[in-house]
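Following the numbering used here, the numbering of the sequence shown begins with 29 at its first residue and continues without gaps.
Source of the hints: derived by calculation from the structure; they are not laboratory data. Computed from a predicted model, the values in this text were never measured in an experiment. Mixed in with the good hints there might be a few duds.
Listed below are the simulated DSSO-like cross-link pairs for lysine-lysine, each with C-alpha atoms no more than 30 Å apart in a straight line [unchecked claim]:
1. Lys221 - Lys107
2. Lys118 - Lys145
3. Lys107 - Lys145
4. Lys203 - Lys182
5. Lys111 - Lys153
6. Lys203 - Lys272
7. Lys272 - Lys197
8. Lys153 - Lys182
9. Lys145 - Lys105
10. Lys105 - Lys182
11. Lys118 - Lys142
12. Lys142 - Lys197
13. Lys142 - Lys272
14. Lys272 - Lys221
15. Lys277 - Lys182
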Amino acid sequence: MTKKLMLTKNQATVIVNLAALILLFCSGCGQQMTDEQFSLAVRAAGGTCGVNPQTGAIIVVVDMNSKSDEILALCCKKKSVVKFIGTDAKISSEGFASLGNVENLTHLAIGGSKVSKEDASNLGKLVHLENLLLNNSGLTDEAFEHFSSLRQLKGLSLCDTRATGSGLKYLTNSKRLEVLLLHGSPISDAGLKEIVGFANMRELGLNRTNVTNDGVLALATMPRLGRLAITGSKVTPEIVEEFKERRSKLLRDPKNNNSVHIVYFPDSGN
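All chains should be built: construct the whole structure from the sequences, respecting the hints.
Written out as structure tokens, the structure reads:
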């Protein structure tokens, strides 16, 4: 008579972790991991992942409790990983070095993970990136020089960073950039001058920044701008109306005339 083997939860976890280590070892010996093996290894390290059944593309999700460095080491061995999402993930400099080798990544969101200038140099290797989110990352303007290679960017979110905007000049190669969110960062009028020439910009987020009346008026010439958020800035209600009037005069060509939805709630002190 066959007896059923009953395992405790802890015993099952140990077995799963051992299996993941074996798979990781095998992958380093030239054996390509299957999607199932990869998923098992990611779960053993505290992450989750999903596979698109039509394309085979993989999305990986981690959080503050995940062994993010181990998961990133796995990701750079799997060419079908295209999206990596982390919330308050603990990523070391070694982890960012691995991240720079996830060569087919198109979407990266690691809000809450601190990003140094050296870490940014590894992000600059991800030349296929279309969407990048580095909110609350402590990113400074000096780190932007490594982003000049990100020519495919369409969306960039740098909310609650230390950037003033002067580093945005390094994004001039990102001709496809459509959405730029800078809420809560100390963006200045001088920094805004760096983005006036972004011809495809459709949405610009400047809530809780240091932008003033002069900086906002300079944005009126952006031909495709359709949404502008400036609540919590130093912009006055009168200038908001002047912005609308200037844009109406500058964009009389029906082919270019794109009305702007302005998200603006004046502070009581304005």
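Of the numbered hints stated earlier in the document, which are not met by this structure?
1 and 13
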